[in-house]
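Chemist: Residue numbers (full-length UniProt numbering), protein chains in the order written: chain E, 1 to 177; chain U, 1 to 177.
I should point out that these hints are in silico values taken from the structure, not numbers from a laboratory. Don't take each hint at face value.
What the hints assert, rightly or not - List of simulated lysine-lysine pairs, PhoX-like, C-alpha gap at most 25 Å: (1) U:Lys-88 to U:Lys-77; (2) U:Lys-10 to E:Lys-88; (3) E:Lys-88 to E:Lys-77; (4) U:Lys-88 to E:Lys-10.
Quick caveat: nothing in here was measured; it's all calculated off a predicted structure.
Number of protein chains: 2
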Amino acid sequence: MTDRSHPAGKPIRTAIADEDGIDFAIIELFFFAYRDFTSDPDQILADYGFGRAHHRVLHFVNRRPGLTVAELLDVLKITKQSLARVLKQLIDTDHVVQLQGPRDRRQRELYPTARGRALALALARPQSRRIRAALEDSGASERALIERFLEAMVNPELRAQIDIVPAKMSGKSHGDH
Amino acid sequence: MTDRSHPAGKPIRTAIADEDGIDFAIIELFFFAYRDFTSDPDQILADYGFGRAHHRVLHFVNRRPGLTVAELLDVLKITKQSLARVLKQLIDTDHVVQLQGPRDRRQRELYPTARGRALALALARPQSRRIRAALEDSGASERALIERFLEAMVNPELRAQIDIVPAKMSGKSHGDH
DNA sequence: AAATTACGTCAATAGTACTGACATAATTTC
DNA sequence: GAAATTATGTCAGTACTATTGACGTAATTT
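Starting from the given sequences, assemble the full structure and let the hints guide the process.
Modeler: Next comes the structure, spelled out in structure tokens:
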């Protein structure tokens, strides 16, 4: 093990710190935060034999009922083939239904069923609880700031996807700035 | 397609909104933010034939030089077998070296090489740039608040992992509160 | 000497993703 | 109306990351 047939490569024993002005602290926190954020729903999904991909589909079908397959692919940034199996399972288990597009009959509009909505809520509940607790722990009332920060982390050209939300957010600064 | 051999399941046409006090807005933003946050290094990694798993190992070996295999497994929350291939590749490509543990010779202490450090920096650079831009866009100066929020999103019992950072963070409120 | 620990490895499997190709139906264009 | 395009579905083959379980080896502890 200590004998390697390599050119060598001496071990660096100092930690990387925040050198070069690189924000390792937040990079790392973002990793841990997301890891635990997704762990809650993962547990529930396991009971259904579902994975994280099912969750994402379920989430967006509930958030934007009637979105088409193409729109969903665009939001998730995955390929048709990756979506296919997951979507099929959700349809077979009666969590999602497809309706023919009214204008364009080639399109499949995706809607949640009552069951699909219930599962989406069940998955979102622990995540929302975690967010609320984190907001309280970290100085609370700064929800808007966290929201703006996360939005600013998204690629500018993709922020349009976020703005297609079902509104309800009253006096927010986005939507048509 | 409209003909399903199912009990039915009527389509729900209304968006899920923030009903039940569930914070869908931030749940969704967190997904988008993390998706784009990881997309930067993914591009670089592809050039090396590496994946996200290599990045994570590289990151932690640079952040906590000398950590053992068992410690790494604990931080990453993956199994030995998942780590094995990834770690082997990083060692074979001279990004990481193993040294026998000084006290316990069964242990393998992991250290980055110069090459491994350079790659870790290259991967972190665009992420740090994105974070900085997001902080500026979203009201700036609130770095500490974002940091606290993210930390509060981590499972309490796992926050110990975060506190093993190489210090350097001067007057922060964590570490021994 | 025996049990435990740290690590490595092998076999088998799963979930999520990919590219590329091809088929079908519906719409749009000419 | 015929041709091109679009939306979707599907098939084949592959890759990466992850899983569980079993087994082996060396080193440490009991």
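Chemist: Evaluate each hint against the coordinates.
Modeler: Now for the hints, and whether the structure bears them out:
1. Pair hint U:Lys-88 plus U:Lys-77 holds up; C-alpha atoms about 18 Å apart against a cutoff of 25 Å.
2. Among the hinted pairs, U:Lys-10 with E:Lys-88 is consistent with the structure: their alpha-carbon atoms are about 17 Å apart, no more than 25 Å.
3. With a C-alpha separation of about 18 Å, the suggested pair E:Lys-88 and E:Lys-77 falls inside the 25 Å cut-off, and the hint holds.
4. Of the supplied pair hints, the one linking U:Lys-88 and E:Lys-10 holds, its CA atoms being roughly 17 Å apart against a limit of 25 Å.
Going down the numbered hints, you'll see the structure goes against none, and every one checks out.
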